[in-house]
Amino acid sequence: MYYLRLVSEEVYLLDTHVPELISCNNLKQNAFGIIESNNRPRFKISWQSTMMIPKINYLSDNIIAIGIDQYFAVVDLENQKELFHIILDSFFMKTAVYSHFIYVVCQLSIYKINRQSLILNSEIGLPDIPKKTIINENELVIVFEDSQIPSLSIVQNS
Amino acid sequence: MIIVGFGMRSANIPNSLSKGVLLGTATGAIFRGISAKAQGKDIWTGHSKNSIEIGPLTSADGVKVDKTAEYVEYTEGSGYVVDSRKYDYFFGRVVTGDQDNILRSAQNLKDLTTLGIRNEQQLNAVFDQAINGTVQKTITNSFGTTLMKSIDIGTLGRINVSFFYTNGNFNSIPKITSIIPQIFK
Numbered sequence: 001m002y003y004l005r006l007v008s009e010e011v012y013l014l015d016t017h018v019p020e021l022i023s024c025n026n027l028k029q030n031a032f033g034i035i036e037s038n039n040r041p042r043f044k045i046s047w048q049s050t051m052m053i054p055k056i057n058y059l060s061d062n063i064i065a066i067g068i069d070q071y072f073a074v075v076d077l078e079n080q081k082e083l084f085h086i087i088l089d090s091f092f093m094k095t096a097v098y099s100h101f102i103y104v105v106c107q108l109s110i111y112k113i114n115r116q117s118l119i120l121n122s123e124i125g126l127p128d129i130p131k132k133t134i135i136n137e138n139e140l141v142i143v144f145e146d147s148q149i150p151s152l153s154i155v156q157n158s
Numbered sequence: 159m160i161i162v163g164f165g166m167r168s169a170n171i172p173n174s175l176s177k178g179v180l181l182g183t184a185t186g187a188i189f190r191g192i193s194a195k196a197q198g199k200d201i202w203t204g205h206s207k208n209s210i211e212i213g214p215l216t217s218a219d220g221v222k223v224d225k226t227a228e229y230v231e232y233t234e235g236s237g238y239v240v241d242s243r244k245y246d247y248f249f250g251r252v253v254t255g256d257q258d259n260i261l262r263s264a265q266n267l268k269d270l271t272t273l274g275i276r277n278e279q280q281l282n283a284v285f286d287q288a289i290n291g292t293v294q295k296t297i298t299n300s301f302g303t304t305l306m307k308s309i310d311i312g313t314l315g316r317i318n319v320s321f322f323y324t325n326g327n328f329n330s331i332p333k334i335t336s337i338i339p340q341i342f343k
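If you read the protein sequences in the order shown, they are chains H and A.
All residue numbers for the first sequence refer to this note's numbering, where the first residue is 1 and numbers rise by one.
All residue numbers for the second sequence refer to this note's numbering, where the first residue is 159 and numbers rise by one.
These aren't lab readings, by the way, just hints derived from the structure by calculation.
Misleading hints may appear alongside valid ones.
[What the hints assert, rightly or not] Output of the computed footprint for chain A on chain H, the stretches with three or more beta carbons under 8 Å from beta carbons of chain A: (1) 42–55; (2) 85–93; (3) 103–112; (4) 119–133.
[To be verified] For lysine to aspartate or glutamate, the following EDC-like pairs were computed, each having C-alpha atoms within a straight-line distance of at most 20 Å: (5) 343(A) <-> 20(H); (6) 28(H) <-> 310(A); (7) 94(H) <-> 258(A); (8) 131(H) <-> 256(A); (9) 55(H) <-> 78(H); (10) 55(H) <-> 20(H); (11) 112(H) <-> 78(H); (12) 343(A) <-> 310(A); (13) 131(H) <-> 246(A); (14) 55(H) <-> 258(A); (15) 268(A) <-> 278(A); (16) 307(A) <-> 286(A); (17) 343(A) <-> 9(H); (18) 131(H) <-> 258(A); (19) 94(H) <-> 256(A); (20) 307(A) <-> 123(H); (21) 131(H) <-> 146(H); (22) 295(A) <-> 310(A); (23) 132(H) <-> 256(A); (24) 343(A) <-> 146(H); (25) 112(H) <-> 123(H); (26) 55(H) <-> 36(H); (27) 132(H) <-> 246(A); (28) 112(H) <-> 82(H); (29) 268(A) <-> 246(A); (30) 295(A) <-> 123(H); (31) 81(H) <-> 36(H); (32) 132(H) <-> 258(A); (33) 55(H) <-> 256(A); (34) 94(H) <-> 78(H).
Even for Gly, the Cβ is constructed at its ideal location relative to N, Cα and C.
Chain H extracted, bound-state conformation (with noise of 0.2 Å):
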């Protein structure tokens, strides 16, 4: 069991002993929190928005997907270790994990990463900031919001 909680920034600062996890070099951070599991702190996260929070997606045991602004990142909240992260071209929308692979779904781009090894495996170039992600269970759907605009379908093979 994981969740995160929304702390002030005077928490966060306090925290120091709890590994942080960097979302944004440079930029003002305005919200903060602290994902914990078994009601211990594994991880704090600040990042710039305030209108969002970080989306968190269970893959394995203690193994989560958390993205949020220009940031994804994979941890193990058991070892507190960072196992993959990336610094996103544009906004982060969605992450959809299917079997072989996990898809984060940005404004602009779509990374395709093995959900195996970890490894990126390719950046799927979007034409214009999705209107809708449909994450059915074999495929993912993007719909733009120019109809003219077909539809992306991203089929996974089982």
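Starting from the known structure of chain H, fit chain A onto it as the hints suggest.
What follows is chain A alone, placed relative to chain H:
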């Protein structure tokens, strides 16, 4: 993975056109064929009452305007187009649809305000500078190419602006697809 092919772009020309936002060239090269009857491989094709069609770019002989159609104003020297829905997105006016977009729209408004940008005119001034800015990133796909360019807003922060070129044609007029406001410490 299946990516469906991409056809001719089509969009209503935004209201922003009538506010003098839209068309032109950054380099002084002339585009021709701003005409409701433009022929050839159009870049954007409008179909609404307040829309225009943009013909292919050429290197000379001025701007031609079909006076029989209802036209909008444009600003030479801008060199980009902005869909009016994008201004809604940039200024916090998206209130329905995908929750991510609603929240990001609200955040855009907040961040732009922090950077001192409170209206479309001020944002267009940023776009005017950004189009001549340094390319930070190029994203190519089957639809076209996006160039991300960056512009500092004084010492307050920075805005990354994305210009999308249909079919990767850099002689065409790009469409602004996204902004990323960043506030410095």
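task = Output the numbers, in ascending order, of every earlier hint that fails for this structure.
result = 11, 24 and 34
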